[in-house]
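*Asks:* These protein sequence lines map, in sequence, to chains A and B.
Each residue of the first sequence is one higher than the one before, counting from 0 in numbering that gives the first Met the number 0.
Each residue of the second sequence is one higher than the one before, counting from 0 in numbering that gives the first Met the number 0.
Bear in mind the hints are in silico, worked out from the structure with no lab data behind them.
The beta-carbon is built from N, C-alpha and C at its ideal position, and this holds for glycine as well.
Any given hint could turn out to be false.
In silico DMTMM-like cross-links for lysine to aspartate or glutamate, where the CA-CA straight-line distance does not exceed 20 angstroms [to be verified]: (1) B:77 to A:4; (2) A:287 to B:98; (3) B:77 to A:139; (4) A:94 to A:110; (5) B:121 to A:4; (6) A:20 to B:60; (7) B:61 to B:217; (8) B:51 to A:206; (9) B:120 to B:103; (10) A:129 to A:65; (11) B:75 to A:206; (12) B:120 to A:95; (13) A:129 to A:87; (14) B:135 to B:97; (15) B:51 to B:25; (16) A:20 to B:57; (17) A:20 to B:103; (18) B:85 to A:206; (19) A:287 to B:57; (20) A:159 to A:175; (21) A:287 to B:217; (22) B:85 to A:52; (23) A:287 to B:25.
If you anchor each label on the Cβ, the simulated ranges turn out as follows [stated by the list, open to error]: (24) B:76 to A:183: 54 to 60 angstroms; (25) A:21 to B:57: 33 to 39 angstroms; (26) B:42 to A:21: 33 to 39 angstroms; (27) B:125 to A:17: 54 to 60 angstroms; (28) B:171 to A:21: 30 to 36 angstroms; (29) B:77 to A:177: 28 to 34 angstroms; (30) B:57 to A:268: 54 to 60 angstroms; (31) A:242 to B:125: 39 to 45 angstroms; (32) A:249 to B:92: 45 to 51 angstroms.
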Amino acid sequence: MKPGELRYIWHESTGMLWRRKVPNLISVIIMALSLLILITFLAVTLNIASLIEKTSEELRVYVYLDDGVSGELSRDIQIRLMSEQGVDEVAYISKEEALEDFRETLGENSELLNAVEQNPLPDSYRIRMKQEYIRSGVLEAMAGRVGQWEGVEEVVYGRKWFERGEKLVRSFYMIDLVLGLIVFLSVVFVISNTVRLTILGSSRTIEILKLVGATNTYIQIPFILEGALQGVVSSLLAIGMLAIIHRFTLQYLPGVAFIRVDAIAVFVVLCAVIGALGSMAALRRFLKM
Amino acid sequence: MNQEKRIIAGVYHVSRGLGKHFSLEDINLQVANGEFVFLVGPSGAGKSTLLKLMYMDDFPDKGQVVVGQFVSTRMKRKSIPDLRRKIGIIFQDFRLLEDRTVFENVALAMKVTGAGMPEIKKQITDILTRVGLYHKRYDYPPALSGGEQQRVAIARAVANRPAILFADEPTGNLDPVATKNILELLFKINAGGTAVLMATHDIELVRSFGQRIIYLEEGRVALDKEMIFVGDIRDRIGGSSVSESASRLSEYDITGGEEE
Ligand SMILES: Nc1ncnc2c1ncn2[C@@H]1O[C@H](COP(=O)(O)OP(=O)(O)O)[C@@H](O)[C@H]1O
Ligand SMILES: [Mg+2]
């Protein structure tokens, strides 16, 4: 390829974008709308995922001690708890503190407690688990083990609720994945078809270019660049629309997060690649390569 | 034109079937440099099909086509652009890019070869002047008459100074005056040394010119003769049946002569 040819290819590319601005604009809008569906879906998924994470982070395991356990045994239990796998932090809660907490929880009904002469609550340890160990298998095994220890009366973490929640989360991800895949494939389909249609629209131009002896490279590059640019512009447009939707949603659901910047970059690049590949695939048939 | 006669395009024992009902059968013809040849025949005779084989948009089932150093049986897809840059092609429907100016349309043929812009400007100024459209170089094709559009197409076809110009019914969409002008332009180009092979169904149009005529009928060459018509060509070949025409071929001693 001569350097002159490269320059003409560049002119051809920019010229084509300008001449075909209307069909390009229509394609970009179609693509942007379908991409909007995809990233809205992604944003909803990410928000739900972070909500799930936050909720599970708040889980605490309570280890209630037998009444009248000696300070020595209690400290011993604390040390052993600390060395349990997955334990992040162990806090001691004396029966007095527990009663105080309870009073606070009851609020204005706390006078009821005045009727109780003796503090009925046990001393306890409150455990915060590391994120990756918050799973029903791990928790159940630990609760079983620790429950056997001398001086431990009971281990409690809201097992039934936790397991139910875990199942719900698992099926959510499953459905989400399937749906995501469907949406993703549809978007790829829409984009490559849109690109294909714009190429079909210039079949005459391609034919004439071939007639006067343009190489396949000369013919292809403008269309590939066009496809990539359509991908970039439409993905940015989709992100812009999502930003508006996000603003609007924030009024009703404060704390809803937007997509992260690095994810946006990956998304835009991916769309450019899909656009370029769509062009290439469409041209392949056209140029009988 | 007394310089040494060199064959620049040849069709040798070419057959090509299209669909169920049509085929070109054992076509033989040669065009020498600087020659002007009319390819005549009724609509559906296979003129366009034959030209397509010659600019290698299609390939024979049997036999071979040779244009310059390009040989159909040894042709790679990659060499097709190279061939197209060395020949010129025009059509009934002009095939101009309507969203580009006259200048850009003609320049395209040179741009794809990677020619430098100063060279392109100089050459196009020259060609557009010759076809009489320099003053309309910034117009778009839809603003031009049919005859003018065909002139632009011709300018584009000869921009790279081809050795041969293939013309498929170039006057098919033009009124008599424009037709005459285009034919004159083609003769002028031919006088400059470019061979021209022009297909047309219009016998009346070509009968008075005294150029070589190849008469194609139902996919066969029925006549190939340099001649001035005295009467209708159909009188000459005696009706329209191919076998009859073929029997007359020997009488006129036509195609075989130049083959090696
Ligand atoms: N792609 C094709 N498939 C099937 N038949 C074709 C095709 N192209 C041309 N034909 C047929 O071949 C015959 C010759 O066509 P053509 O070469 O265009 O004739 P001409 O140019 O002499 O009018 C016609 O009968 C036409 O219908
Ligand atoms: Mg035809």
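*Asks:* For each hint, tell me whether it holds in the structure or not.
*Replies:* Taking the hints in turn, this is what the structure says about them:
For the suggested pair residue 77 of chain B and residue 4 of chain A, the alpha carbons sit about 16 angstroms apart, so the restraint of at most 20 angstroms is met. This hinted pair does not check out: residue 287 of chain A and residue 98 of chain B have alpha carbons roughly 25 angstroms apart, beyond 20 angstroms. Distance hint between residue 77 of chain B and residue 139 of chain A is unfulfilled; the C-alpha atoms sit about 69 angstroms from each other, more than 20 angstroms. Distance hint between residue 94 of chain A and residue 110 of chain A is fulfilled; the C-alpha atoms sit about 18 angstroms from each other, no more than 20 angstroms.
Taken as a hint, the residue 121 of chain B and residue 4 of chain A pair is honoured in the structure, with Cα atoms around 18 angstroms apart against an allowance of 20 angstroms. For the proposed pair residue 20 of chain A and residue 60 of chain B, the alpha carbon gap of about 43 angstroms is over 20 angstroms, so the pair is violated. Among the hinted pairs, residue 61 of chain B with residue 217 of chain B is consistent with the structure: their alpha-carbon atoms are about 17 angstroms apart, no more than 20 angstroms. About 14 angstroms separates the Cα atoms of residue 51 of chain B and residue 206 of chain A, which keeps this hinted pair within 20 angstroms; it holds.
Taking the CA atoms of residue 120 of chain B and residue 103 of chain B, the gap is about 10 angstroms. The hint holds against a cut of 20 angstroms. Restraint check for residue 129 of chain A and residue 65 of chain A: the C-alpha separation of about 26 angstroms exceeds 20 angstroms, so the hint is violated. Pair hint residue 75 of chain B plus residue 206 of chain A holds up; C-alpha atoms about 18 angstroms apart against a cutoff of 20 angstroms. For the proposed pair residue 120 of chain B and residue 95 of chain A, the alpha carbon gap of about 97 angstroms is over 20 angstroms, so the pair is violated.
Simply put, residue 129 of chain A and residue 87 of chain A have alpha-carbon atoms about 5 angstroms apart, close enough for the 20 angstroms limit, and the pair holds. Among the hinted pairs, residue 135 of chain B with residue 97 of chain B is consistent with the structure: their alpha-carbon atoms are about 14 angstroms apart, no more than 20 angstroms. A C-alpha spacing of about 16 angstroms is found between residue 51 of chain B and residue 25 of chain B, which places the hinted pair at or below 20 angstroms, so the restraint holds. With a CA separation close to 34 angstroms, the supplied pair residue 20 of chain A and residue 57 of chain B exceeds the 20 angstroms bound.
A hinted pair counts as satisfied when its Cα atoms are at most 20 angstroms apart, and residue 20 of chain A with residue 103 of chain B qualifies at roughly 19 angstroms. Restraint check: the Cα-Cα separation between residue 85 of chain B and residue 206 of chain A comes to about 17 angstroms, which is no more than 20 angstroms; the hinted pair holds. Restraint check for residue 287 of chain A and residue 57 of chain B: the C-alpha separation of about 13 angstroms stays at or below 20 angstroms, so the hint holds. At most 20 angstroms may separate the alpha-carbon atoms for a hinted pair to count; residue 159 of chain A and residue 175 of chain A exceed this at roughly 24 angstroms.
Our distance criterion of 20 angstroms between C-alpha atoms is broken by residue 287 of chain A and residue 217 of chain B, whose separation comes to about 30 angstroms. For the hint linking residue 85 of chain B to residue 52 of chain A, the alpha-carbon distance of about 69 angstroms lies beyond 20 angstroms, and the restraint is violated. Between residue 287 of chain A and residue 25 of chain B, the direct Cα distance comes to roughly 28 angstroms. Violation of the 20 angstroms bound is thereby established for this hinted pair. Range check, residue 76 of chain B to residue 183 of chain A: about 35 angstroms between beta-carbon atoms, so the 54 to 60 angstroms window is missed.
For residue 21 of chain A and residue 57 of chain B, the hinted distance range of 33 to 39 angstroms is satisfied, since their beta carbons lie about 35 angstroms from each other. A hinted range of 33 to 39 angstroms holds for the C-beta pair residue 42 of chain B and residue 21 of chain A, which are about 38 angstroms apart. Between residue 125 of chain B and residue 17 of chain A the beta carbons are some 29 angstroms apart, a value that contradicts the proposed interval 54 to 60 angstroms. For the hinted restraint 30 to 36 angstroms between residue 171 of chain B and residue 21 of chain A, the CB-CB distance of approximately 32 angstroms keeps it satisfied.
In this structure the supplied range 28 to 34 angstroms is violated for residue 77 of chain B paired with residue 177 of chain A, their Cβ-Cβ distance being about 45 angstroms. At about 42 angstroms, the CB distance of residue 57 of chain B to residue 268 of chain A disagrees with the hint of 54 to 60 angstroms. Checking the proposed 39 to 45 angstroms range against residue 242 of chain A and residue 125 of chain B shows it is violated: the Cβ atoms sit about 56 angstroms from each other. Against the hinted window of 45 to 51 angstroms, the Cβ-Cβ separation of residue 249 of chain A and residue 92 of chain B comes to about 59 angstroms, which falls outside the hint.
The earlier numbered hints that this structure contradicts are 2, 3, 6, 10, 12, 16, 20, 21, 22, 23, 24, 27, 29, 30, 31, 32.
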